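Novice: Model the placement of chain B on the given structure of chain A, informed by the hints.
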Amino acid sequence: MQLTDLTMLELAAKLAAGEASSEEATRASLARIQQVDPKVRAFLRVDEAGALAAARASDARRKSGSPASALDGVPLGLKDIFLTEGVETTAGSRILEGFVPPYDATVVRLLKEAGLPLVGKLNMDEFAMGSSNESSAFFPSHNPWDVARTPGGSSGGSAAAVAAREVFGALGTDTGGSIRQPAALTNTVGLKPTYGRVSRFGVIAFASSLDQPGPMTRTVADAAALLQVIARPDAQDATSADAPVPDYSADLEAGVRGLKLGVPREYFTEGMDPEVEAAVREALREYERLGATLVDVSLPHTKYALATYYLIAPAEASSNLARYDGVRFGLRAKDARSLRDVYALTREQGFGAEVKRRIMLGTFALSSGYYDAHYLRAQKVRTLIREDFTRAFQQVDALLSPTSPVPAFKLGEKVEDPLSMYLMDIYTLPCNLAGLPGLSVPCGFTKAGLPVGLQILGRPFDEAGLLRIARAYEREHDFFHRSAPL
Amino acid sequence: MALTLEQVRHVATLARLSLTPEEEQRFTTQLSAVLDAVEQLQSLDVEAVEPTSHATLTSSRLREDVTRPSLPPEKSLANAPAKSDTSFAVPKIIE
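First to last, the sequence lines map onto chains A and B. If you count by the numbering used here, then the first sequence holds residues 1 to 486, one letter each, in order. If you count by the numbering used here, then the second sequence holds residues 487 to 581, one letter each, in order.
The shape of chain A in the complex, shown without the other chains (with noise of 0.2 Å):
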C-alpha cells in the first residue's frame, strides 16, 4: 500500500491522526508523477517548490492542532484552465504560452486557504474544446487503463492524473461533458456542479453561459468533500448563486430507498457501445435491488441539442476569445508591423484548428443576416430543452443516463472528423444547456478493460442528493478500488 492509493478523505484522516504528514503524501505524489507521467502526460508542468512549501505549512498547521479544513494537507492537480498566481497558465493554448497569472481564481484561493497542496496544471484540450485532449497544442494525454487511447476531454489531464494515482484528486472544468465524460473513461468520478454554484472568477472563459469547475475525484465520498471546499457565492462572479451551500456529505450514506429514478428513453439510442448500454442497464437494475423505483420518462427535444449546443457554444467562445489579440499578455506575431496584422497574426499563428473552426462558427452564428436564424433559433430551442428537464423534475428525483456514448477510443481515431467528435458530447451537453448538476460514477468495465461512466442529473442545486444516489451504487462495488495497469 503506498499513500498515493489511499482516497483523499483517508489520507486526510491519517493526517488527523498524525499516522502520515503532508509533506510526505505530496512527496509521494511527486514521485508517482515521476514514475507513470512519462506514459500518461497528464501534467503540462509540476509546481514542486510550490506544493512542497504548503505541504510544510500545512503540517506545522496540523500539528500545532490548527488545520486549515478537513482536507488541509491533501495534495491536489488543476486543469491548466485556473489561474494560479505566480504559476504559468496555459488553457492547453500557445497563444498564452508563458503566461503567469497576476491573481489566483477564487476556487484556486478556496483551495489554498483550506491547506490544500497544489502539485500541478493538468492538460486540457485547448480552450477547453474538445472531447480527448488532443486539441491540446503541447501533447495529447493517455488514458492510464490503455495508453493506445484517450482519457477524453476536455479535463482529459486531470482525469487521468487521478486516475493514475498521480495526485488525489482534481478539479476540472465542464461546458458540454467536460468533467463528466473524462471521468466515464477513466473510472473516477466526476461531478459538475448547477451553474453559479462554484465561482468562474479567474477561470479561462470559453462559453460563459455553460462554464463550470467540478471536482474531479476517486470516490463519490471525495467529491463531496472537495465540492464543500469551493462551493459558495462570489461577489467577483455575477452569475454565481446566492443558493445556501449544504453539508455535502451529511446524506451521503442515505440510500436510495423510496426515490424515484428517471429513464430518459432518449438517451438510450443506436449508436450506444452494446457493453456501455449493458453496463448501465445493470445499474438500473442495482437501483431498483436497493429499493429506488424506476420511470420512464421522456425528454422529447434531446435531439436538438447537439445543434443547439454548438452554435451557443462557439458564439460565446468567439466573443470570449477575442481578448487575445496580441496586444496585454500572452503571444504577439513577431511579423507584424500593423496593429491590424498584430491581431490577425498572433490569432492565426496561436490558435489552433479546433479553437479557430469555433471562432469561425461562432462568428458566423453572430453574424449579420445569420443572428437570428442561427443564434437567436439555438437559445430558444435550449428554452425547450430546460422546459423538458423541468417537466421530468416534476415526476421525478433524478435521471439516469450513459455518460459517453462509447468507452475510451483510440488516439488519433476521430481527429479529422469534427462530427464524430462533437457526438461524444450527446449524453452530457443537454445538462449545461439547463444549467444543471450532473454526475459521472464508476460503472463497470468492458470486455477489453475500459471503464465505463454512469450519468446521474438532478434538480438545480441537488449536488447533494446526486452524490447520495452515486454513493448508493458505488457501496456496492468495488470498481474505484481497482488500478490503471501502468
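Any given hint might turn out to be false.
Below are the DMTMM-like pairs computed for lysine to aspartate or glutamate, each with C-alpha atoms no more than 20 Å apart in a straight line [said to hold, decoys possible]:
{"id": "1", "chain 1": "A", "residue 1": "14", "chain 2": "A", "residue 2": "24"}
{"id": "2", "chain 1": "B", "residue 1": "561", "chain 2": "A", "residue 2": "24"}
{"id": "3", "chain 1": "A", "residue 1": "380", "chain 2": "B", "residue 2": "522"}
{"id": "4", "chain 1": "B", "residue 1": "578", "chain 2": "A", "residue 2": "335"}
Simulated restraints on C-beta separations [claimed, not checked]:
{"id": "5", "chain 1": "B", "residue 1": "522", "chain 2": "A", "residue 2": "412", "range": "21 to 31 Å"}
{"id": "6", "chain 1": "B", "residue 1": "507", "chain 2": "A", "residue 2": "86", "range": "39 to 49 Å"}
{"id": "7", "chain 1": "B", "residue 1": "522", "chain 2": "A", "residue 2": "271", "range": "14 to 24 Å"}
{"id": "8", "chain 1": "A", "residue 1": "412", "chain 2": "B", "residue 2": "562", "range": "33 to 43 Å"}
I should point out that these hints are in silico values taken from the structure, not numbers from a laboratory. Computed from a predicted model, the values in this text were never measured in an experiment. Cβ coordinates follow ideal geometry from the N, Cα and C atoms, glycine included.
Specialist: For chain B alone, coordinates are given in the frame of chain A:
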C-alpha cells in the same frame, strides 16, 4: 447550408484570423458540414418561445459599488508582449 469561400473569408476577417489558403478550403468544407447538421433546428416552431440567454436560475448578483484596489501597473504589464512606461505598446496607428 453550404458556405462559399467568399463567406469564409468574410467571417475570418470579422474574427481577425489570417487564415492560410489551405485553412480557408478546409473550413469551407468542415463548417458547411456543421451548418448542415444544425439545419435541423429550422424544423421547430419557436415563434412563441422566449430565448434563454443564460442558465442562471436565480437573478444576477449585485454588489455595492465600492472602490477596491486594482492590480498595480507593474503587475498588469508583467505579461505584455511590448510596453512603454505604464502602457501597452502597439504598432503606430496614426501617421
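Novice: For which of the previously enumerated hints does the structure constitute a violation, in increasing order of number?
Specialist: Violated: hint 2 alone.
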